[in-house]
Structure formats: C-alpha cells, structure tokens
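Novice: Each chain is listed here by its residues.
Protein chains: 2
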Amino acid sequence: MSHKQYTMYPNFIQHLKKHISLTDDDIQVLSTYVKIKSIKKKEFLLEEGQICKGNYFVEAGLLRMFYINGKGTEQITQFALENWWLSDYMSSMMQSPSKFYLQAVEDAEVVVVDHQKQEELFKKVPQLERYFRIMMQRAYAASQMRVKYFHDYSKEENYRQFVLLFPQFVQRIPQYMLASYLGITPEYLSELRKKHPIT
Amino acid sequence: MSHKQYTMYPNFIQHLKKHISLTDDDIQVLSTYVKIKSIKKKEFLLEEGQICKGNYFVEAGLLRMFYINGKGTEQITQFALENWWLSDYMSSMMQSPSKFYLQAVEDAEVVVVDHQKQEELFKKVPQLERYFRIMMQRAYAASQMRVKYFHDYSKEENYRQFVLLFPQFVQRIPQYMLASYLGITPEYLSELRKKHPIT
DNA sequence: TAAAAAACTTAAGCTGGTTTAAGAAATTAA
DNA sequence: TTAATTTCTTAAACCAGCTTAAGTTTTTTA
Chain A
452 MSHKQYTMYP NFIQHLKKHI SLTDDDIQVL STYVKIKSIK KKEFLLEEGQ
502 ICKGNYFVEA GLLRMFYING KGTEQITQFA LENWWLSDYM SSMMQSPSKF
552 YLQAVEDAEV VVVDHQKQEE LFKKVPQLER YFRIMMQRAY AASQMRVKYF
602 HDYSKEENYR QFVLLFPQFV QRIPQYMLAS YLGITPEYLS ELRKKHPIT
Chain B
452 MSHKQYTMYP NFIQHLKKHI SLTDDDIQVL STYVKIKSIK KKEFLLEEGQ
502 ICKGNYFVEA GLLRMFYING KGTEQITQFA LENWWLSDYM SSMMQSPSKF
552 YLQAVEDAEV VVVDHQKQEE LFKKVPQLER YFRIMMQRAY AASQMRVKYF
602 HDYSKEENYR QFVLLFPQFV QRIPQYMLAS YLGITPEYLS ELRKKHPIT
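Protein sequence lines, in the order shown, are assigned to chains A and B.
Under my numbering, the first residue of the first sequence carries the number 452, and numbering increases by one thereafter.
Under my numbering, the first residue of the second sequence carries the number 452, and numbering increases by one thereafter.
If you are wondering where the hints come from, they were derived from the structure by calculation, not from laboratory data.
Put simply, identical chains are the same to the list, so a pair is met inside one copy or across any two.
Capping the alpha-carbon separation at 25 Å, the derived lysine-lysine pairs in DSS-like fashion look like this:
| hint | residue 1 | residue 2 |
| --- | --- | --- |
| 1 | K575 | K468 |
| 2 | K568 | K469 |
| 3 | K493 | K599 |
| 4 | K468 | K574 |
| 5 | K606 | K522 |
| 6 | K504 | K599 |
| 7 | K492 | K599 |
Build the full structure now, drawing on both the sequences and the hints.
Specialist: Written out as structure tokens, the structure is:
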C-alpha cells in the first residue's frame, strides 16, 4: 500500500535515491510535501510578474523558461526535460516578481515542491538539504560551462555543437525555439541549416 | 585562546554565521579542515589542465576566473571579491582537467576548502551542507539572471549597466579585463567610453 | 477535409562590433 | 629617474548576424 503513494512519480523517487538514502518513512513524509501536477502543452507554471512559488521536477515531458525582451520577442533561457529541476530561484529567494515564464513545450508531469514549505521539509528529512546542495552545485557547474561555450563559439559553431551533443533533444523542439535558445533569429538558423545540412 | 584560531579569517566565519549557527566546537573542527592562503597579484590558484582541488572563499582581495579561447586571448568568465566563493565546480565534481585559470587580480587572502575533504567535513558539521546549498542556489540564481542580461542588452547597454551597478568594482579592475568580462574588445570599450564618458 | 494558424525558408540590404595597425599614456621594475 | 612593460586610444576596412518582406510548408482546428 505505502509504495502506491509514490508510483505517481517513480523518476522523482529514483532520482532522489541515486543521491541520498531514504527510508520508506522518509518517502512517506516527503509525499505529504510534494504534489504531482499534469500540465498540457503551452500551459504555464509561472508567468511574468508573479512570485515563483515552486521548485519543479520534470517527471515526464518538456518545459522551457523564457522572458519577453525589449523588442517584444520571446527569449528562451533554459529547457528542462525528464529528471531536471526548473525554477526562477531569484524570484523565489527574494520573493520578488519574476521576469520569466515557465511553460510546457510538451504535455508534462511535474513534481512540485513548494518553496515556502521547503524549510519545514528539510527539517523532517535532512538528507534533502544534501540532495539539493548537489542539484544546485550541478546546475551552477553546468552554467559555468555554458558561459564558456557561449563566448567561445560563434553562433554557427554553437548551433552545430548543440545539434551534435543533443540530437534527441533537437528532435523534440521546434526550430524557432532552438534559435531563440541559441540567441539567433529563426531566419539565420534556417540559413545555417541550408549551409550545413545535418542528416 | 580558541578564537585566536579564526581571527585569521573573520569574514569567513562571519559569513557562515549569517546563514547557519555554529558552536565554538564546530568552528574548532572547521578550522582543522580549512587553510588560509595568501596569494600575490598574478599568482594562480588553478591553471588549465589541472584538476580543481579547492573551493575558494575570498577573505580579502580580488580573484578572476578565465580561459584561453581559440584565438589565444583570455576570456574572463567571473570575478570574485570579498565574501564570494570561486571554483571550477565541473572540474572538481567530475575530477576532470579544468579549462580554466583562477588568478589573483589583487593580492588576496583566500580560505581554501579541499574538495576531497569536504564530504568528511559535512559529516562532522552537518549545517555546512545547508550553508553550501544556500551558496550554490544563490550562485545559480545569479547566473540565471546573468544569462538574461547577456541576451537582453547590447554590449553597449551591458557596459553601462555594469558601470552603473558596480562602480566601486570597476575602479578595481583594468579596463581590458572589464572588456574581456563583457565579451568585447578593449578597442570597442575605449570607443564606448569616448562616446559616453562616465564621470 | 478545408481553412486558419503556426512554423520555416529565401534573399537583399544594413549595422554593431571586430580586426588590424599604429601610437600615446600610465605603471612597474631596475 | 629612466627604461621596460603594460594599458589605453584612434581610425579605417571588414564581416557575422540582424531586419525586412514575401512566399512556402506544416500543423492545428472547425
């Protein structure tokens, strides 16, 4: 009976267990602090101006984070697929209105950890403090590398690197979103693809 | 007598205490796990090809992180001044050779936490897990915002924003380093400064 | 299954920022 | 205090990537 409670988010539990040890009791407690949320393609978890209340784990599907820039066009800053966390940490830490949108690119199942209740949860299951330390360190490490790649390569090289490293991922997003993430116009991406067809 | 041991790094201890509570015993234990290191301007804490062994807290002075790009020129990715942590987290997590250099821009006092011994330290002073979770979350939040600013503003706007937000900081670094950090050539920065003199 | 909407392509002209090359000013070392 | 070195400036030619505008293809909705 007790494990029926977390068959709703097997990836989530498995991911936690990869980094920390949890008793069935821990999982029991945890399950009272998290919710699973199903969202349809194009639905929002967060919109500009709101204070970001949750930390979101992608159990299934695909999310994106973006903002609307000065010219009124969407600028994507991150994607999150299975087993990734996504949130506007500045907004939730500072309790300030977010500049970002969090939206489903595909129908998605998301595990929601309420930022407010997080402290309380950490007290009851202290290993989670460690788990999130590891997740944040990992995310920060990835972003240190991203800054490097961003400077290092031309937009064209950047595009080709990305397609090479994440081909499965490129299949799942429309090209204009890839262009936005890479910081180029769809027109220029189209030109690059013509110049160097990628199978 | 016991607090003589940490008058060597008052900022460090104060910073820890701002986020977690520590007994004198905790501090005693901690002090056996960290070292203070004085480095002169232009000395390195890490060079390309080495595995990053430490996590560095700037007690005093100013550090920079950079790499050598394809054209053979330095690209600065981060500065760290008093009360900031600096490390190549990817290199230390993956135990892979770093692509980066960590170097003193000014003479500096640095508190070194050995990445290898960190796990052991966390077992003895568990609150530190929380402290570093907060530090990593904060660093990651800042980098989420940085990606936004980077896309959002032209290089010129970026420069002016930076000078406006961190004037004291701009005073402490040579202009070619600011140019490198902003991802522009020193020549272009010079042109921008001529166009819009900032008192 | 037809019409509307969303996504992608093409091509020409334009601009923000680089490159190159030289000299001037400021800092550091002897 | 002089020489060496490092940092900063100027200006002209150049190019990666954008803008604009129009047309084509694919996906969604009715």
